[in-house]
Structure formats: structure tokens, C-alpha cells
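Visitor: Each chain, letter by letter, is given below.
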Amino acid sequence: MRRSQRTEALYALLFLAPFLIHLGVFFVFAFVRTLGFSFTDKTLIGQSYQVVGLANFVQLFQDPRFIAALTHSISFMLVVTTLQTFLALSMAAILNQRLKGITFFRTVYYIPSVLSSAAVTVIAIWFFQKTGFLNTFIGWVGSVAPVLLAFLAIFALAQALQVGWERMRGLPVALTDPALAAISLAVGLALTWTLVALGVVGPREARPPEFTWLTNSDRFLGIPIPLWSIIMLNTFTTIPTLMLIFLAGLQDIPKSIYEAAAIDGASPLQQFFSVTVPMLRPVTFLVITLSLIGTLQMFDQVALMGDAAPLDSVIVLAYYVFNNVFSGEGRVGLASAAAIVLALLTFAIVLLQRALGISEKAH
Amino acid sequence: MKRWWVAGLAVAALGVASAQTVVRLQGFGGNDTAIISSLVREVVNPALQKDNIRAEYQGVEGDYRAALLNALSAGTAADLFYVDIFWSEPLFASGRVEPLNRYFTQQELAVFNRNLLNAFTLRGNVYGLPKDFNTLAVQFNKDLFDEAKVPYPNQTDTWDTFKDKLKRVQAAVKDVAGLCVVADHARFGAFAYATGWRPFNAQGRTVLDANFRRAFEWYTSLVKDGAGKYAQDLGEGWTGGCFGAERAAVAIEGAWIGGFLRDKAPNMRYGTTLIPLDPVTKQRGNFIFTVSWSMNAASRNKEAAAKVLRALTSPEAQNWILSRGLALPSRSALANSPIFQRPGKENELNRVVFQGSTSVGGAVLPFKFGSLDGGDWMRPINEALLAVITGKKSVDQALADAQAELNRLVR
Chain E
0 MRRSQRTEAL YALLFLAPFL IHLGVFFVFA FVRTLGFSFT DKTLIGQSYQ
50 VVGLANFVQL FQDPRFIAAL THSISFMLVV TTLQTFLALS MAAILNQRLK
100 GITFFRTVYY IPSVLSSAAV TVIAIWFFQK TGFLNTFIGW VGSVAPVLLA
150 FLAIFALAQA LQVGWERMRG LPVALTDPAL AAISLAVGLA LTWTLVALGV
200 VGPREARPPE FTWLTNSDRF LGIPIPLWSI IMLNTFTTIP TLMLIFLAGL
250 QDIPKSIYEA AAIDGASPLQ QFFSVTVPML RPVTFLVITL SLIGTLQMFD
300 QVALMGDAAP LDSVIVLAYY VFNNVFSGEG RVGLASAAAI VLALLTFAIV
350 LLQRALGISE KAH
Chain A
0 MKRWWVAGLA VAALGVASAQ TVVRLQGFGG NDTAIISSLV REVVNPALQK
50 DNIRAEYQGV EGDYRAALLN ALSAGTAADL FYVDIFWSEP LFASGRVEPL
100 NRYFTQQELA VFNRNLLNAF TLRGNVYGLP KDFNTLAVQF NKDLFDEAKV
150 PYPNQTDTWD TFKDKLKRVQ AAVKDVAGLC VVADHARFGA FAYATGWRPF
200 NAQGRTVLDA NFRRAFEWYT SLVKDGAGKY AQDLGEGWTG GCFGAERAAV
250 AIEGAWIGGF LRDKAPNMRY GTTLIPLDPV TKQRGNFIFT VSWSMNAASR
300 NKEAAAKVLR ALTSPEAQNW ILSRGLALPS RSALANSPIF QRPGKENELN
350 RVVFQGSTSV GGAVLPFKFG SLDGGDWMRP INEALLAVIT GKKSVDQALA
400 DAQAELNRLV R
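Protein chains in written order, with numbering that gives the first Met the number 0: chain E, 0 to 362; chain A, 0 to 410.
Treat the hints with care, since some could be wrong.
SDA-like cross-link-like pairs, simulated, lysine to any residue; straight-line CA separation at most 25 Å [claimed, not checked]:
#: 1; chain 1: A; residue 1: K173; chain 2: E; residue 2: E204
#: 2; chain 1: A; residue 1: K392; chain 2: E; residue 2: M167
#: 3; chain 1: A; residue 1: K391; chain 2: E; residue 2: L86
#: 4; chain 1: A; residue 1: K173; chain 2: E; residue 2: F132
#: 5; chain 1: A; residue 1: K392; chain 2: E; residue 2: N134
#: 6; chain 1: A; residue 1: K173; chain 2: E; residue 2: S47
#: 7; chain 1: A; residue 1: K166; chain 2: A; residue 2: E302
#: 8; chain 1: A; residue 1: K263; chain 2: E; residue 2: L86
#: 9; chain 1: A; residue 1: K392; chain 2: E; residue 2: Y48
#: 10; chain 1: A; residue 1: K392; chain 2: E; residue 2: E204
#: 11; chain 1: A; residue 1: K148; chain 2: A; residue 2: T120
#: 12; chain 1: A; residue 1: K301; chain 2: E; residue 2: S47
#: 13; chain 1: A; residue 1: K391; chain 2: E; residue 2: S47
#: 14; chain 1: A; residue 1: K263; chain 2: E; residue 2: I224
#: 15; chain 1: A; residue 1: K263; chain 2: E; residue 2: T70
#: 16; chain 1: A; residue 1: K392; chain 2: E; residue 2: S216
#: 17; chain 1: A; residue 1: K49; chain 2: A; residue 2: R378
#: 18; chain 1: A; residue 1: K392; chain 2: E; residue 2: V121
#: 19; chain 1: A; residue 1: K392; chain 2: E; residue 2: L86
#: 20; chain 1: A; residue 1: K141; chain 2: A; residue 2: K391
#: 21; chain 1: E; residue 1: K254; chain 2: E; residue 2: L86
#: 22; chain 1: A; residue 1: K173; chain 2: E; residue 2: T130
Derived from the structure by calculation, the hints contain no laboratory data.
All values reported here derive from a predicted model rather than from experimental measurement.
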């Protein structure tokens with residue numbers, strides 16, 4: 000019996016070995032060495048180094064750039080996690096409908112996650128330029144605004160008239176009745192086209208905003224504009240993965256609960272907040288944890304922005320670490336200390352999240 | 000039987016190969032991999048055959064400095080490697096690079112352009128032999144100037160006449176900027192040096208004085224006064240990008256723009272002239288951009304590496320590079336090479352860029368900033384340029400902020 004147990008343990012270890020070796024070399028060893036370096040003045044090109052105690056940590060908190068990186072990281076984490084979780088859940092709820100062709104939309108919405116972060120960032124640099132897509136698009140919307148507004152007004156008027164007419168005849172139609180909306184759409188398009196053809200309304204001259212997204216040192220809500228650009232970019236690329244996790248969670252909720260709620264007279268909105276959200280709590284915990292850790296460690300999009308945005312406007316902790324090792328004489332000691340601060344911060348935030356009761360148990 | 004022959008030959012070849020000393024070279028990737036590998040194959044290795052030494056070039060793609068620092072720290076760096084002047088000094092001071100005085104006599108070193116050699120000298124020790132170099136010059140698109148009926152920029156232009164020409168081109172030709180202005184000390188600095196301003200004063204501090212301010216005001220006024228557009232607004236990161244796309248009438252770049260234009264705009268008619276003169280001092284300024292071949296202090300084949308280094312910077316090697324129009328030679332004697340006098344736009348470009356390093360170039364300073372990392376030192380100035388060009392700060396405010404940042408940095 001003991002012998003078989005030992006064999007079993009041996010096999011277990013054998014199968015675990017690849018993972019354990021990987022963990023040991025790339026995480027445990029690296030972490031211990033980083034911790035060691037953080038108490039020394041080691042540089043990449045220096046021949047020798049000395050133990051300096053906590054001097055690196057003291058120096059970090061006197062460095063305005065470190066303070067900037069720390070505030071950027073924390074605000075980035077808060078904004079992106081909130082946006083991501085909220086939008087991913089909304090998108091998952093929408094894509095959980097049983098509609099024809101829904102798999103097509105699921106695929107399309109997942110695409111941003113498939114694209115490589117490097118490719119997306121390079122495209123984003125063009126997207127956010129002063130004469131780039133975003134500003135041009137805003138300018139275009141501004142220029143066709145009269146036509147769009149005319150169309151919307153006609154559409155709303157046609158819909159209101161039809162609904163009013165049907166209700167006068169005693170038929171209980173909703174304001175959003177699809178059949179009537181189709182007629183309103185046709186009427187709206189035809190009338191708008193006529194108005195444009197007659198020259199009553201028409202597009203104005205396009206005037207793209209003179210706003211710079213990347214080379215701007217201004218702040219909005221205390222966060223520099225270039226960092227907002229990266230927030231938008233990062234949210235866009237990470238939503239789909241989180242959406243997929245939510246979608247899996249949604250499909251695990253038994254339909255009988257919704258049926259019971261419907262029989263009790265709960266509206267779809269009430270069902271969402273009283274059934275879906277509580278039932279999804281374990282999934283939400285996972286998503287928020289992943290999101291917090293991911294956003295705190297965000298590095299690639301800042302690194303790839305390169306000179307397109309001023310460093311002090313976009314620097315985050317992970318990039319601060321990299322930048323210290325690979326500039327000047329390579330301040331490994333200082334960078335290690337910053338990396339340790341980042342690790343402790345991540346740990347503390349995840350613990351705080353658990354303590355605040357965003358827990359893993361469903362109610 | 001035949002098989003035994005082949006095997007025997009293979010073993011013999013292996014024996015010969017193992018007796019050879021292999022000297023590893025490391026440098027930039029991209030074009031350099033092709034160029035230096037050919038140079039090594041065609042010029043360096045044949046010359047070293049009698050010593051049974053073979054050189055091998057390995058190009059590093061991506062961030063070269065990070066790769067080199069990493070390799071030096073890990074003890075895996077090549078025997079000879081490139082060191083960019085921009086970040087050379089902290090590296091030379093670290094003791095990781097072998098001083099070359101022991102391997103080369105004074106006469107051997109004296110053949111190199113003095114300015115270039117000085118750039119790689121620290122406390123009397125020579126830490127690298129200049130591989131090649133570049134300076135800045137003004138490239139202008141002849142067709143755009145013709146279309147606007149504006150005379151071409153020339154070497155008698157001052158800042159004022161130069162700016163006036165740019166304004167007239169920008170006004171006359173639709174969708175074309177005079178110059179794509181970049182918020183970068185690597186371009187602006189040439190104008191600041193012309194005023195007599197230096198990055199460090201006698202006390203070793205950086206002071207943004209009245210001379211600096213004069214250059215700063217002129218440079219940042221280009222966009223405001225309609226002589227140029229901010230490069231990033233046109234979606235470009237450098238003056239050559241706009242120039243190649245015919246969205247700017249002039250560029251301020253070095254000889255590297257030649258290869259770029261060959262691919263991007265092969266039929267463009269362009270000319271090259273010297274950087275314009277400061278109207279007050281009647282001087283020009285310029286940078287020397289250069290890269291050295293330096294020796295690893297931890298190399299096991301230092302004698303062999305020194306021989307490879309000699310072959311890499313020999314007149315034959317530099318002529319090989321020059322005759323292909325790839326880079327400018329660091330040996331003074333090659334200044335009179337007939338290659339420079341050949342007609343053609345690229346030869347003119349190389350000639351003017353070469354002249355930029357001589358007395359015609361005016362105040363020519365190496366592109367390095369004391370013992371500091373160049374990137375760190377330039378950042379406050381670049382951010383001041385950016386803030387004023389994009390209208391976020393006044394000149395006063397921007398210079399005050401930059402000075403405060405520099406005071407923190409330069410102690």
C-alpha cells in the first residue's frame with residue numbers, strides 16, 4: 000500500500016514537473032532575485048554592487064516620475080476595470096439572446112481579443128492622430144448632423160403618428176412596435192432624401208476637431224489625455240475575453256429561475272438585476288480579479304506608444320520598471336524595488352477586493 | 000568508398016574550422032546585417048585569412064541598447080560591438096569596454112577624423128573606433144520650390160531668409176508644409192549651437208540662457224508663422240517622412256534619408272544644402288551622430304578582436320562602404336575621395352553631410368550629453384518644444400519648467 004502510494008506521488012510529481020520547473024525558474028527564482036536586488040545598488044553595467052538597505056524604496060517615493068507612474072497605474076486600474084466589467088457584462092447579456100445569426104455577432108465581437116496588442120497599438124497611433132480617423136469621423140458626424148437630425152425627427156414623428164392612430168383604434172401597440180418602425184424608417188428615409196434633393200437640408204462643411212489625443216499634456220478628471228487614449232484602447236481589446244467568460248457564466252444559469260421570475264411578474268430589467276447579477280457573482284469575482292491584475296501590469300501598450308505620446312503622460316508602474324533597467328546605466332536595484340512595490344500593490348488590491356465582499360460565492 | 004571520402008573531408012573541414020579563432024561582432028539589425036555581413040565576407044575575412052581569424056556579424060533586431068546591456072551584464076556579449084555615441088559615456092565609464100590604446104599606436108589612431116575620435120575618448124582612453132558618422136543637412140524638393148516659384152535654399156541662407164522661403168512655399172502649394180517640425184533636440188539643437196549656446200556651461204550645468212531662447216523662439220515660431228507644420232499632426236514622426244511623401248518641401252536629416260528616399264520616392268528631384276546660419280552670429284551649428292566599434296573588456300580573443308577591428312576600419316573597408324553609398328567614412332583621408340565629387344543627388348547629399356562635420360559646418364558637437372543618458376537629458380527640452388509648438392504653454396512657462404527639470408537632473 001505504501002509502495003503504491005509512493006509510486007502515485009512520484010507519478011503526480013512527474014506530471015507536475017513541467018509546470019513546477021517553469022514556475023520555479025521564471026517566478027520563484029526571479030522573484031527572490033528581484034527581492035534581493037531591490038536592497039542593493041546593482042546596475043546593469045556596473046561590475047560590483049553593495050547592499051543599501053531600504054535606500055531604493057526611499058528614493059522611489061522621492062522620484063516624481065515614480066509617483067506619476069503610481070497614480071497613473073491606480074487610476075488606469077480603477078477606470079478600466081469599471082468600464083471593462085460593465086461593458087463586458089452588458090455585451091454578454093445582449094449576446095446571450097436566442098436570435099438568428101447570433102453566433103456571427105459573437106465572433107465579430109470577439110475579434111479585438113484575437114488581434115495582437117502590437118498591431119492594435121500601431122493602428123491606434125494612427126487612429127488617435129490629429130488628422131486621424133477619430134477626429135475625421137467626429138468632423139464627418141458634425142458635418143452630416145443636419146441630415147441625421149432631420150431623419151431622426153421625421154422618423155420619430157412618423158412613429159408617434161402611427162402609434163397614436165393605432166391606439167385611437169383601440170389596439171394596444173408599444174411605442175417600439177417593429178412593424179410600425181419599419182414603415183417609419185421607410186418614410187423617414189424617403190422624406191429626408193427629398194429634403195436633401197430639394198436643398199432644404201444638407202451636410203455642412205466638415206470641420207474635424209483640432210484636438211490632439213496623444214501629444215496633449217492636458218488632463219481630464221486628473222488623468223492625462225494620452226492615458227485616456229490608452230484606456231480606450233485597452234478597454235476595447237480586453238472586453239471580448241471578459242465577455243466570453245460572462246457569456247459562459249450566463250449560460251450556466253438555469254432557465255427555470257427566469258421562468259419562475261417571469262411568472263412572478265418580473266420585468267426583464269428586474270430579472271437582470273435580481274437574477275442574473277447575483278447568480279453571476281462568482282464569475283464577476285473572477286473577471287474583476289483578472290481585470291485588476293491585468294490593468295496593474297499593463298505594459299505593452301505604453302511601450303509601443305513609444306515617442307507618439309510624452310512619457311510622463313502615459314508612464315505606468317510596469318513601464319517605469321522597464322525604463323529604469325534599460326536607460327542610462329541600467330538601475331537594476333531601483334527598478335527591482337519598483338517591481339516589488341508593484342507586486343505588493345497588486346496583492347493588496349486583490350486582498351482588499353475580497354475583504355470588500357466581492358466574493359466568489361453565489362447567493 | 001565514396002561515402003568515406005565525404006566523411007573524411009567533413010572531419011578535416013571541422014578540424015580546420017575549430018583551429019580558427021572566431022571573433023563575434025554585434026550591431027544593429029535591419030540593413031546593417033546585410034551590409035556588415037557582406038563587408039565581413041568580402042573584405043574583412045579575406046584580409047584575416049593568413050592569421051586564421053574569422054569574423055561573424057550578428058545583427059540585433061529591436062532595441063539594440065537593451066540587448067547589449069543585457070548581454071554585457073550576463074557575460075554573453077560579442078567580442079566587438081557597436082556603441083552609439085548617444086549613450087556611450089555611462090557604458091565607457093563602467094569598465095565593461097576595453098580601452099584601445101594598448102592595441103593601436105598614436106599614428107594608427109591619428110588617421111581618424113579628430114572630432115569623431117574625441118567623441119569616443121574618455122579620460123584619455125580611446126574606447127571605440129568610429130565606424131562612420133552623419134551630420135544634419137537641409138534637403139529640399141526642387142519640384143515644389145519650382146512650383147511655388149521660390150528660389151532653392153542655399154548655404155548663404157540665414158534663419159530669416161530660410162523661414163521666409165518656407166512660408167512662401169507653404170502658402171503657394173496646397174497641402175504642402177514648408178517643414179515638418181519635430182519636437183526633438185536632435186534637430187532643434189543644431190540651431191541652438193549656432194547661437195553659441197552649449198549643453199553644459201563651464202560649471203557643468205545646463206542653463207537655458209538668452210541664446211538658447213533665441214533659437215527656441217525661432218524654431219517654435221515655424222509652425223505658428225506658417226513656415227511649417229507639426230510633424231505628428233501630419234501623422235509623421237520625423238522630417239524625412241513628410242518629405243518623402245511630398246507633404247513638406249524641406250527636410251532636416253542626415254545621409255540616412257538617401258536610402259529612404261531611394262525606396263519611397265525614387266523619382267524625386269531633391270537637392271541638399273547646409274543648415275542655415277544664425278543671423279546674429281553668422282554661424283551654423285550641427286550634430287555629429289556616430290557609432291563606434293568597441294571591444295568587450297571580458298573578451299577572450301582580444302588580440303584577434305583588435306585585428307578584426309583594424310580590418311573593419313581599414314581604408315579598403317571604408318572605401319567599400321563609401322563606394323556603395325552606405326555610410327560616410329571616419330578616416331580623414333577619405334574626405335578627398337573622388338566618390339564625393341561624382342554627380343547625382345545622393346552624392347550631393349553625402350558630400351554636404353560630410354562637409355557638415357568640417358569647419359564649414361560651424362559649431363559641430365557630438366550627439367551626446369556628458370555622463371548622462373542622452374534620452375534623459377533631452378526629455379525636458381523636447382517636452383518644452385512640444386508644449387510651445389502645440390500651443391499648450393508660453394515660451395516663458397515652457398523654458399522655466401524645462402530649466403527646473405534640468406536642474407533636478409544635472410547636478
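Visitor: Sort out which numbered hints this structure fails and list those numbers smallest first.
Guide: 2, 3, 6, 7, 8, 9, 10, 11, 13, 14, 15, 17, 18, 19 and 20
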